[in-house]
Structures are given as C-alpha cells and as structure tokens.
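Chemist: Sequence:
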Amino acid sequence: MKSRKWAVTLTLEPQERLESLLVRIVEYLAHDYRHVSGLWVFSDLDATGCLGDRWTAELNEEEHVFIRTEQFLALLKEGQIIELEARLMASPKKSLEIIVRDGLSVDVLGLEITIPDQVLGDFTSVDPELFFWGNEALLETVT
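Numbered as in our numbering, the sequence shown ends at 143 without a single skipped number.
Hint data in this document are derived by calculation from the structure and do not stem from the laboratory.
Among the hints, erroneous ones may be present.
Unchecked claim - Heads up, simulated DMTMM-like pairs for lysine to aspartate or glutamate below, C-alpha to C-alpha not over 20 Å straight-line:
1. Lys77 - Glu13
2. Lys5 - Asp102
3. Lys77 - Asp44
4. Lys94 - Asp122
5. Lys77 - Glu27
6. Lys94 - Glu58
7. Lys94 - Glu129
8. Lys5 - Glu78
9. Lys77 - Glu112
10. Lys5 - Glu70
11. Lys5 - Asp46
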C-alpha cells in the first residue's frame, strides 16, 4: 500500500477467523504507529462477548464510542464481530478505517497510513472513492 489514499477488501482463508486477521492488523498498527493516539472511534458495532455486548448497546444510544487499542484487541480476542466501523484516531491527514459487514466482508481504508501486504494477507484493491471517508471534524476534536 504505497499511495496516499487506498482501500482493500481482505480475502479470508476458508478456516481463518476474521477476528484473528483483525488482531494482526491492529497489533501491527499499535507497534509501528506508536506515535498515534492509540484511540479508535467506533461508529458501528455488532459483536458478541461481554465487551461486544456492552459497546454494541452503547452504540445503540450514542453516535460514537472511543476505545483504546488494548480494549479493541480484547474485544477481537473475546467474541465475534458481525458489524464494525472503527477508525484509528491519527489526525485529519492520516487515518485508517476498518469496516466489517455481515461477519464476512472486511474493508480496510488508509489515508497516509500504510500496512505491508504480508500483514494484510490476501486482498483485492478497490477504488478508495467508493467509500465515505468519515468525519474529519471529529478527528480534529480528538487529536
């Protein structure tokens, strides 16, 4: 992923858990992008487990939930993700978003944040303009 703005749809292996793939990506970001806040904003979540149930219920009442990387990893290791929209809070000019639909489809969007192909695994590049790139004003209030 070399360009400024990019988007990919990840391909899961038949026996691969979506959550394991996301753990690999989130751990990479936590290690290689330590200078970023380590804060994620969730705007959509449907997940199982104690944390998943709690944050799913909270997002039914609130527009956003702010979650630290450690909590995000705990969520991924604890339960199953069915729906997710999570954005790494970097800056208005740098962001990364993970979108999960129906517990099967995983899209990763990057703006000035890159992830090596070996971390992403198998993927198909897609047109980044097909996606809404979120609320930059929200990023400015947090960073």
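Chemist: Would you mind marking each hint as holding or not holding in the structure?
Modeler: Against the structure, the hints come out as follows:
1. Lys77 - Glu13: Holds, at roughly 18 Å.
2. Lys5 - Asp102: violated, 25 Å
3. Lys77 - Asp44: holds, 18 Å
4. Lys94 - Asp122: violated, 24 Å
5. Lys77 - Glu27: holds, 12 Å
6. Lys94 - Glu58: Violated, at roughly 27 Å.
7. Lys94 - Glu129: holds, 16 Å
8. Lys5 - Glu78: Answer violated: Lys5 to Glu78 is near 31 Å, above 20 Å.
9. Lys77 - Glu112: Judged against 20 Å, a Cα distance of about 28 Å means the pair is violated.
10. Lys5 - Glu70: violated, 26 Å
11. Lys5 - Asp46: Judged against 20 Å, a Cα distance of about 27 Å means the pair is violated.
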